[in-house]
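S.K.: Sequence:
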Amino acid sequence: MTSDLPNVSPIHLDIPDVDKLAPVTTSTHPPRILLLYGSLRATSYSRLLTLEAERILRHFGAQTRVFDPHGLPLADSVPADHPKVVELRKLSEWSEGQVWCSPERHGNLTAVFKNQIDRLPLESAGIRPTQGRTLAVMQVCARP
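Per my numbering, the very first residue in the sequence shown carries number 2; after that it's consecutive.
Honestly, the hints are just simulated from the structure, not real lab data.
Some hints could be false.
[What the hints assert, rightly or not] DEER-style ranges, computed between Cβ atoms:
#: 1; residue 1: VAL9; residue 2: ASP77; range: 28 to 36 angstroms
#: 2; residue 1: ASP5; residue 2: CYS142; range: 41 to 49 angstroms
#: 3; residue 1: VAL87; residue 2: GLN64; range: 14 to 22 angstroms
#: 4; residue 1: ARG134; residue 2: PRO84; range: 46 to 54 angstroms
#: 5; residue 1: LYS91; residue 2: PRO31; range: 17 to 25 angstroms
#: 6; residue 1: LEU14; residue 2: ALA112; range: 41 to 49 angstroms
Ideal Cβ placement from N, Cα and C applies to all residues, glycine included.
Using the sequences and the accompanying hints, generate a full structural model.
M.R.: And the structure:
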């Protein structure tokens, strides 16, 4: 171990050790993954890609749920007890990881997808509901 690091506290510069990577507790159930997509079109490529990702996750043993954004009101337009808002929030709380997929629209996410993100609470009882969760992001583009 080198000693010529005057700007680094040695106690914060731990040498990697495989034994330290072991989880403190192990899960007794398969990983729970929520999948969100950002298109309402009947033939939605982001929905199709999301469903394909779900198939792969299930192949690897994950429990999955796909949220259907049809009928989700715009953020701040209805109270938080609206059935679609409650459904999305419960699924988010249930999940341990999430997969987000949106079409590319003018170089950005779609409003449909952004609305889902806006409906996820930033904080609930002092805890961020998305904190510590694994996130995969996919985007569908019409052309390269």
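S.K.: A range of 46 to 54 angstroms was offered for this pair. Does it hold for the Cβ distance of ARG134 and PRO84?
M.R.: violated, 24 angstroms
S.K.: Could you check the hint for me, namely that VAL9 and ASP77 are 28 to 36 angstroms apart, CB to CB?
M.R.: Violated: the Cβ-Cβ distance is about 46 angstroms, outside 28 to 36 angstroms.
S.K.: Assuming the hint says 41 to 49 angstroms, is it satisfied by the Cβ distance from LEU14 to ALA112 or not?
M.R.: With Cβ atoms ~45 angstroms apart, the hint holds.
S.K.: Evaluate the given range 14 to 22 angstroms for the C-beta pair formed by VAL87 and GLN64.
M.R.: holds, 20 angstroms
S.K.: Should the hint that ASP5 and CYS142 are 41 to 49 angstroms apart at their CB atoms be regarded as holding?
M.R.: holds, 48 angstroms
S.K.: Can you let me know if the beta-carbon spacing of LYS91 and PRO31 is within 17 to 25 angstroms?
M.R.: holds, 18 angstroms
Of the numbered hints stated above, those contradicted by the structure are hints 1 and 4, listed in ascending order.
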